[in-house]
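Visitor: Take a look at the letters that make up each chain.
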Amino acid sequence: DTAVSQTPKYLVTQMGNDKSIKCEQNLGHDTMYWYKQDSKKFLKIMFSYNNKELIINETVPNRFSPKSPDKAHLNLHINSLELGDSAVYFCASSQGEDSYNSPLHFGNGTRLTVT
Amino acid sequence: DQQVKQNSPSLSVQEGRISILNCDYTNSMFDYFLWYKKYPAEGPTFLISISSIKDKNEDGRFTVFLNKSAKHLSLHIVPSQPGDSAVYFCAASEETSGSRLTFGEGTQLTVNP
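Protein chains in written order, with the numbering used here: chain H, 9 to 123; chain S, 206 to 318.
Read the hints as simulated data drawn from the structure, not as lab findings. Some hints could be false.
Stated by the list, open to error - One-sided and incomplete, this derived list gives chain H residues near chain S with beta-carbon spacing under 8 Å: (1) T39; (2) S47; (3) K48; (4) I53.
Said to hold, decoys possible - Sample of chain H residues lacking proximity to chain S, with all beta carbon distances greater than 12 Å (derived): (5) N34; (6) D78; (7) E105.
Stated by the list, open to error - Derived coverage of chain H by chain S (criterion: at least 3 residues anywhere in the stretch with Cβ under 8 Å from a Cβ of chain S; other residues may be distant): (8) 20-26; (9) 68-76.
C-beta atoms are modelled at their ideal positions from N, C-alpha and C, and glycine is treated no differently.
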């Protein structure tokens with residue numbers, strides 16, 4: 009059983025389009041995240057939700073909007089896609105909000121390519 | 206302004222020898238440090254962590270050392286095995302920031318049989 013699953017695995021789209029990436033976790037965790045791995049390979053946090061409530065919102069363009077219908081799901085919607093949005097997006101979850109005692113469990117990533 | 210840096214993009218070692226992966230940080234407010242391991246086409250998986258009140262934490266073949274005065278930590282793997290070949294990410298967080306992790310850019314470890 010996949011603990012954190014995200015779809016699609018690959019996403020190729022043109023500039024200006026709107027796309028969504030879905031994420032689901034079956035670990036019963038309370039907190040979910042979106043991380044972006046850019047071309048320099050750094051993993052940077054974008055958003056974090058705890059029990060469907062937004063708790064971290066980094067300086068991400070408004071074109072990115074997370075949506076958490078329930079605590080097992082955190083989807084990422086991206087409007088008006090730009091070339092610079094090309095990256096690998098990782099969903100993750102943890103039991104609590106303490107990164108030391110509640111390590112993150114990551115999905116396998118979605119590689120987004122904007123042409 | 207990258208607060209966590211892994212200056213070696215790659216490291217190659219022979220099976221059975223020790224692998225030492227290094228990580229430097231600039232933020233003295235970091236309280237916790239973690240290492241994650243990543244195989245191709247998979248997400249990172251948690252490996253080992255250390256609190257800033259300690260200078261060493263050991264788990265089987267993996268040991269993390271923390272030198273707060275130098276703002277440096279290292280991950281030792283001994284003996285190294287071919288299955289350890291992966292990208293290793295160092296990460297850090299402040300106690301007050303809860304779940305916000307700052308990652309380094311990763312080091313590709315290759316263990317040769």
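Visitor: All the hints need checking, so say for each whether the structure fits it.
Guide: Status of the hints after comparison with the structure:
1. The interface hint given for T39 (chain H) holds, since its Cβ lies 6 Å from the closest Cβ of chain S, which is under the 8 Å cut-off.
2. Taking 8 Å as the C-beta cut-off, the interface hint given for S47 (chain H) is violated, the closest approach to chain S being about 11 Å.
3. Using the Cβ-Cβ criterion of 8 Å, the hint placing K48 (chain H) at the interface with chain S is satisfied: the shortest such distance is roughly 6 Å.
4. A least Cβ separation of about 6 Å between I53 (chain H) and chain S falls short of the 8 Å threshold, and the interface hint therefore holds.
5. Against the 12 Å criterion, N34 (chain H) stays outside the reach of chain S, whose nearest CB is about 15 Å from its own CB.
6. Distance check for D78 (chain H) against chain S: the nearest CB is about 19 Å away, which clears 12 Å, and the non-interface claim stands.
7. Remark: the non-interface label on E105 (chain H) conflicts with the geometry, its nearest Cβ contact in chain S lying 4 Å away (cut-off 12 Å).
8. Figure legend: the stretch 20-26 of chain H, annotated as covered by chain S; annotation inconsistent (0 residues with Cβ-Cβ distances under 8 Å, at least 3 required).
9. Given a C-beta distance limit of less than 8 Å, the hint that chain S covers the stretch 68-76 of chain H is violated, as 0 residues qualify and 3 are needed.
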